[in-house]
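*Asks:* Sequence:
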Amino acid sequence: MTLKYIFDRFLALVGLLALWPVLLVVALLIKIKMPGGPVIFKQKRVGRNGKLFTMYKFRSMTVGHGGSSVSVAGESRITPLGAKLRKYKLDELPELWNVLIGDMSFVGPRPDVPGYADQLKGEERDVLKLRPGITGPASLKYRNEEELLAEQSDPQKYNDEVIFPDKVRINRYYLHHYSFTKDIQMIFCTVLGHRMKYANEII
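First residue of the sequence shown: 52, per our numbering; consecutive thereafter.
It is worth saying that the hints were derived from the structure and are not from the lab.
Do not take every clue at face value.
Listed next, the in silico EDC-like pairs over lysine to aspartate or glutamate satisfying Cα-Cα at most 16 Å (straight line) [what the hints assert, rightly or not]:
(1) Lys140 x Glu196
(2) Lys95 x Asp163
(3) Lys102 x Asp169
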């Protein structure tokens, strides 16, 4: 995956240089619309080989909200501006820095908080061989995850028993059937909001 690593870092650098005006505007909006807290949300996530790293995102929630690690659409802790940032994935732009420094990749499993991927056993733990991604097959399949969870009577249980195991399955497929061409296709599908055929299903 040497080509993938070189591509990630080059594209992350280009992205940061090209999108700095957008990053600046979003940062100013957060300071104005969501005062009293940091612009950047920092959180420890599980990275490659189970090592923790600091992931950076634009803050989309109220300060000191507490609550579950599972986000559900319509939650009061998500601010109106934050909801828009999350809808258009603008909150994830600072993750370009994580890609540039090698903590993340453009395509791979989404980085979990401790207690999920780092607790996997046996062959399922293979997903930790991958760098976490900004997008990926599981992210595309569950692009409406927050809305799906909002429909459940117990969102946390549904995530733990249905969504998370399915994400592990599809991320293991990604590891064992890696294709640089598919990576490019996933990036375009993420940006354009399109679907694609992958692992014998439409994601």
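*Asks:* Next step is simple, just say for each hint if it's right about the structure.
*Replies:* We went through each hint and held it up to the structure:
1. Lys140 x Glu196: holds, 13 Å
2. Lys95 x Asp163: Distance ~9 Å between Lys95 and Asp163 Cα, so the pair holds.
3. Lys102 x Asp169: With a Cα-Cα distance of about 9 Å, the restraint between Lys102 and Asp169 holds, given a limit of 16 Å.
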